[in-house]
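Visitor: Chain by chain, the residues:
Number of protein chains: 2
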Amino acid sequence: MALVVQKFGGTSVGDIERIKNVARRVLDAKNQGHQVVVVVSAMAGETDKLIRLAQQVTPDPDEREMDVLVSTGEQVTIALLAMTLKSMGCDAKSYLGFQIKIATDSAFGKARITGIESEKMLEDLRNGRVVVVAGFQGVDESENITTLGRGGSDTTAVAVAAAIRADVCEIYTDVDGVYTTDPNICPKARKLSRISYDEMLEMASLGAKVLQIRSVEFAKKYDVPIHVRSSFNDNPGTLVCKEEREMERVVVSGVTYNKNEAKIEIMRVPDIPGVAAKLFKPIADANIVVDMIIQTSSTEKGCADLAFTVPKTDFSKALQIVKEGVREIGGKEVLSDENIAKVSIIGVGMRSHSNVAAQMFSALAREGINIQMISTSEIKISCIIGSKYTELAVRALHDAFELDKPSVTEEK
Amino acid sequence: MALVVQKFGGTSVGDIERIKNVARRVLDAKNQGHQVVVVVSAMAGETDKLIRLAQQVTPDPDEREMDVLVSTGEQVTIALLAMTLKSMGCDAKSYLGFQIKIATDSAFGKARITGIESEKMLEDLRNGRVVVVAGFQGVDESENITTLGRGGSDTTAVAVAAAIRADVCEIYTDVDGVYTTDPNICPKARKLSRISYDEMLEMASLGAKVLQIRSVEFAKKYDVPIHVRSSFNDNPGTLVCKEEREMERVVVSGVTYNKNEAKIEIMRVPDIPGVAAKLFKPIADANIVVDMIIQTSSTEKGCADLAFTVPKTDFSKALQIVKEGVREIGGKEVLSDENIAKVSIIGVGMRSHSNVAAQMFSALAREGINIQMISTSEIKISCIIGSKYTELAVRALHDAFELDKPSVTEEK
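Just so you know, the sequences run in chain order Y and S.
Heads up, the first sequence is in the numbering used here, so the first residue is 1 and it goes up one at a time.
Heads up, the second sequence is in the numbering used here, so the first residue is 1 and it goes up one at a time.
If you're looking for bench data, these hints aren't it; they were derived computationally from the structure.
It cannot be assumed that every hint is accurate.
As a list, the in silico SDA-like pairs of lysine to any residue whose alpha-carbon atoms are at most 25 Å apart [what the hints assert, rightly or not]:
{"id": "1", "chain 1": "S", "residue 1": "Lys20", "chain 2": "Y", "residue 2": "Lys30"}
{"id": "2", "chain 1": "S", "residue 1": "Lys388", "chain 2": "S", "residue 2": "Met373"}
{"id": "3", "chain 1": "S", "residue 1": "Lys120", "chain 2": "Y", "residue 2": "Ser142"}
{"id": "4", "chain 1": "S", "residue 1": "Lys101", "chain 2": "Y", "residue 2": "Glu143"}
{"id": "5", "chain 1": "S", "residue 1": "Lys120", "chain 2": "Y", "residue 2": "Asp140"}
{"id": "6", "chain 1": "S", "residue 1": "Lys49", "chain 2": "Y", "residue 2": "Asp15"}
{"id": "7", "chain 1": "S", "residue 1": "Lys388", "chain 2": "S", "residue 2": "Phe232"}
{"id": "8", "chain 1": "S", "residue 1": "Lys49", "chain 2": "Y", "residue 2": "Met66"}
{"id": "9", "chain 1": "S", "residue 1": "Lys259", "chain 2": "S", "residue 2": "Glu378"}
{"id": "10", "chain 1": "S", "residue 1": "Lys101", "chain 2": "Y", "residue 2": "Phe108"}
{"id": "11", "chain 1": "Y", "residue 1": "Lys101", "chain 2": "S", "residue 2": "Glu119"}
{"id": "12", "chain 1": "S", "residue 1": "Lys20", "chain 2": "Y", "residue 2": "Phe108"}
{"id": "13", "chain 1": "Y", "residue 1": "Lys405", "chain 2": "Y", "residue 2": "Asp91"}
{"id": "14", "chain 1": "Y", "residue 1": "Lys278", "chain 2": "Y", "residue 2": "Lys220"}
{"id": "15", "chain 1": "Y", "residue 1": "Lys49", "chain 2": "S", "residue 2": "Met88"}
{"id": "16", "chain 1": "Y", "residue 1": "Lys259", "chain 2": "Y", "residue 2": "Lys317"}
{"id": "17", "chain 1": "Y", "residue 1": "Lys110", "chain 2": "Y", "residue 2": "Lys220"}
{"id": "18", "chain 1": "S", "residue 1": "Lys110", "chain 2": "Y", "residue 2": "Met66"}
{"id": "19", "chain 1": "S", "residue 1": "Lys49", "chain 2": "Y", "residue 2": "Asp48"}
{"id": "20", "chain 1": "Y", "residue 1": "Lys20", "chain 2": "S", "residue 2": "Glu46"}
{"id": "21", "chain 1": "Y", "residue 1": "Lys20", "chain 2": "S", "residue 2": "Asn258"}
{"id": "22", "chain 1": "Y", "residue 1": "Lys49", "chain 2": "S", "residue 2": "Ala276"}
{"id": "23", "chain 1": "Y", "residue 1": "Lys20", "chain 2": "S", "residue 2": "Leu53"}
{"id": "24", "chain 1": "Y", "residue 1": "Lys49", "chain 2": "S", "residue 2": "Gln55"}
{"id": "25", "chain 1": "S", "residue 1": "Lys20", "chain 2": "Y", "residue 2": "Glu63"}
{"id": "26", "chain 1": "Y", "residue 1": "Lys281", "chain 2": "Y", "residue 2": "Asp271"}
{"id": "27", "chain 1": "Y", "residue 1": "Lys20", "chain 2": "S", "residue 2": "Lys259"}
{"id": "28", "chain 1": "Y", "residue 1": "Lys101", "chain 2": "S", "residue 2": "Phe108"}
{"id": "29", "chain 1": "Y", "residue 1": "Lys20", "chain 2": "S", "residue 2": "Gln55"}
{"id": "30", "chain 1": "S", "residue 1": "Lys20", "chain 2": "Y", "residue 2": "Met66"}
{"id": "31", "chain 1": "S", "residue 1": "Lys20", "chain 2": "Y", "residue 2": "Asn144"}
{"id": "32", "chain 1": "Y", "residue 1": "Lys101", "chain 2": "S", "residue 2": "Asp140"}
Let's have the full structure, built from the sequences with the hints guiding it.
Guide: So this is what it looks like as structure tokens:
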């Protein structure tokens, strides 16, 4: 008997028939002897419908009231799921954020969970009830309703699992696990049976959108194993868990890509202290997140070339700021390129394996792909390349690191 | 400067344009120097849509979860109205039942308000904010969401007005006040400028559906004047308030009718103690509300005839119970009639005027309408007649008591 949290997203609860399917799945787990807490999102499309209503009022609706509005989506789903379970003879009870004190800060629309009261849920479970919790929402200290941002129900599920010390948090989604890379561009992509929290964090932040990043951070912090699996079949999915020694034998676990960045270069900047600070402060003040930053010696003596990437949505704003600032710091020329992509290889095994970077560069070189920028972390190497080479690069790297073959660990 | 509660029903907030109209009306009041609390219902049609969703799950959904579901309707409206007000430059804040502790009992779907915390609202008002409160909902002792039943937002508005000691509770609706009778069947019907709580209670319970009965009971208990008025114009409506001496000069204030009852008669029941109890207990046990009961001497010696009315929806169930019980108590025959109507005249002035009943009976007799049953209270006389005479009777009574002419009080 295990204590299980199951999370179902908007597509899985998109209509009454699907809600009945979810209820059956919950019942299956219960009949197998498990205690079950279910976390659900709003029915697919509902949140967008509510946002459109608000947009009819004003393009810039009040953030507190926006959260009051959009949190109704999950409220509808928990009520429907709980009454479905009851109609099937399974005792169940729904809870909103305020009812189990899903405490958050007051950052409306992107709040962070700070605590959850587990007593009511644990008592219901002891009494044989299925507990149904509204994802995505919480309350701040003043009992204002808050929401956690897109994908926030994942975080709710993990936080609930941490609070009640669940054995596993199952995230049901429309894909059946985490893949070595995007199967849409690399047919050889293989489902991973296990992946570490750190690898998952890099996978997610680099564009493999299976789980909300924050939920993985939460899971790592409280050591909650996450099982990512399909809501449409019973196949085992991918377990996101603590790093295990065997994982290190695998050098690279996955290949990701991101086409949503653009590059800005400033040529021949005087190489004196404080230049970078002067350049990046106004960009940070404009709330633009800079990803990669690279500084190299310039062809002109006593000068450096600076290059960095920003999200495409912020590109024109960032470019304008740079053009205004470049005279002040004495830069000679500003170049920019929107047609770039970032490809990355990720793996905890990199820590103990040398030569991984060289292998990556060779694989790209063999395909004639020029590398514009490189950045590395402990478990990740990223290269900026021309965006038209993205798919080619992903497939080349997938082949080079033999990701289509199950690792020793996974074969067991 | 006054402290005003304004309540807007589903039609008044039926779409974004109408919500903007409501916001303008609230702003008008605020600009006139008043402090304003607004109570709103769900957008027209939304509650029914949610009920239909639940019906797709099961014909008999769990009551607790039903309240979780339907209370989202008001939540959507308060968020939209508050963000509309803010977008117009008026500081505003929305509150759900749990946030201002609209405490109720645990009778899901028909809960009664037991208390409201006024602190947050009063502080907001002091800070120049408009307070927007979700109607229809509350929380019980265990923080379960409850709802107050159809028309419950009226009661929320009056309860909020009582809690913050508002000067008046304005109920905006699609009619512009309380009429002497239904204008649809009596063109001479006249809008009343004032009516007492007790008269309004009789009017409402007898079928003039302007206000939820419970809201009037609440208003009477806490002496909250209710101003019933149109949300589509600025005309003064009807003030429902404490009885004033002048009101007694008016004998009859209104004529109402009700076609939703049916009559059951049991002939020649042995006239011995305990018979009525034996007959009505199983009906009460089946949760059927009996309205009029009349017992008369039968043509057969030592026997009585019993007649009573029940709601048409419970008619067949009640008839079955009676037919089963009638042998036991020794009744001879059961008759029934669904084609009846109840017409009533109402007025606090009846207390000090004699002969009102006789006037009523004469008016009906002049039109050749046979009276089947009569019941009287301190401020009301009701007659059961054949339903086909309803409209004729209403018009005849309206004329007989000269309700088309403004009373002395109202002329002032």
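Visitor: With reference to the structure, classify each hint as holding or not holding.
Guide: Each hint, compared with the structure:
1. Of the supplied pair hints, the one linking lysine 20(S) and lysine 30(Y) is violated, its CA atoms being roughly 48 Å apart against a limit of 25 Å.
2. With a C-alpha separation of about 16 Å, the suggested pair lysine 388(S) and methionine 373(S) falls inside the 25 Å cut-off, and the hint holds.
3. For the hint linking lysine 120(S) to serine 142(Y), the alpha-carbon distance of about 10 Å falls within 25 Å, and the restraint holds.
4. Of the supplied pair hints, the one linking lysine 101(S) and glutamate 143(Y) holds, its CA atoms being roughly 11 Å apart against a limit of 25 Å.
5. As the CA atoms of lysine 120(S) and aspartate 140(Y) are separated by approximately 15 Å, the hinted pair is consistent with the 25 Å bound.
6. A threshold of 25 Å between alpha carbons decides the hint, and for lysine 49(S) with aspartate 15(Y) the separation of about 14 Å falls inside it, so the pair holds.
7. Distance hint between lysine 388(S) and phenylalanine 232(S) is unfulfilled; the C-alpha atoms sit about 34 Å from each other, more than 25 Å.
8. Pair hint lysine 49(S) plus methionine 66(Y) holds up; C-alpha atoms about 22 Å apart against a cutoff of 25 Å.
9. At most 25 Å may separate the alpha-carbon atoms for a hinted pair to count; lysine 259(S) and glutamate 378(S) meet this at roughly 23 Å.
10. Proximity of lysine 101(S) to phenylalanine 108(Y) is assessed by CA-CA distance (about 22 Å); at most 25 Å being required, the pair is judged to hold.
11. This hinted pair checks out: lysine 101(Y) and glutamate 119(S) have alpha carbons roughly 22 Å apart, not beyond 25 Å.
12. The suggested pairing of lysine 20(S) with phenylalanine 108(Y) holds, with an alpha-carbon distance near 24 Å, which does not exceed 25 Å.
13. In summary, the hint linking lysine 405(Y) to aspartate 91(Y) is not supported, as the alpha carbons are separated by about 45 Å, beyond the 25 Å threshold.
14. Note on lysine 278(Y) and lysine 220(Y): the hinted pairing is violated, with a Cα-Cα distance of about 36 Å set against a maximum of 25 Å.
15. Taking the CA atoms of lysine 49(Y) and methionine 88(S), the gap is near 23 Å; set against the 25 Å cutoff, the hint holds.
16. Simply put, lysine 259(Y) and lysine 317(Y) have alpha-carbon atoms about 18 Å apart, close enough for the 25 Å limit, and the pair holds.
17. Of the supplied pair hints, the one linking lysine 110(Y) and lysine 220(Y) holds, its CA atoms being roughly 20 Å apart against a limit of 25 Å.
18. Straight-line distance between C-alpha atoms of lysine 110(S) and methionine 66(Y) comes to about 29 Å, which puts the hinted pair past the 25 Å bound.
19. Between lysine 49(S) and aspartate 48(Y) the alpha-carbon distance is near 18 Å, which keeps this suggested pair within the 25 Å criterion.
20. The hinted pair formed by lysine 20(Y) and glutamate 46(S) meets the criterion: a straight-line CA distance of about 23 Å does not exceed 25 Å.
21. Straight-line distance between C-alpha atoms of lysine 20(Y) and asparagine 258(S) comes to about 42 Å, which puts the hinted pair past the 25 Å bound.
22. A threshold of 25 Å between alpha carbons decides the hint, and for lysine 49(Y) with alanine 276(S) the separation of about 57 Å lies outside it, so the pair is violated.
23. For a cut-off of 25 Å, the pair hint linking lysine 20(Y) to leucine 53(S) stands: about 13 Å separates their Cα positions.
24. The straight-line distance between the Cα atoms of lysine 49(Y) and glutamine 55(S) is roughly 22 Å, inside the 25 Å bound, and the hint therefore holds.
25. Between lysine 20(S) and glutamate 63(Y) the CA atoms are separated by roughly 18 Å; this keeps the pair inside 25 Å, and the hint holds.
26. Proposed proximity of lysine 281(Y) and aspartate 271(Y) is supported: the alpha carbons are some 17 Å apart, at most 25 Å.
27. Simply put, lysine 20(Y) and lysine 259(S) have alpha-carbon atoms about 41 Å apart, too far for the 25 Å limit, and the pair is violated.
28. For the hint linking lysine 101(Y) to phenylalanine 108(S), the alpha-carbon distance of about 22 Å falls within 25 Å, and the restraint holds.
29. For a cut-off of 25 Å, the pair hint linking lysine 20(Y) to glutamine 55(S) stands: about 13 Å separates their Cα positions.
30. Using a Cα cut-off of 25 Å, the hinted pair lysine 20(S) and methionine 66(Y) holds, with the two alpha carbons roughly 17 Å apart.
31. Taken as a hint, the lysine 20(S) and asparagine 144(Y) pair is honoured in the structure, with Cα atoms around 24 Å apart against an allowance of 25 Å.
32. A hinted pair counts as satisfied when its Cα atoms are at most 25 Å apart, and lysine 101(Y) with aspartate 140(S) qualifies at roughly 16 Å.
Violated hints for the displayed structure, listed by number in ascending order: 1, 7, 13, 14, 18, 21, 22, 27.
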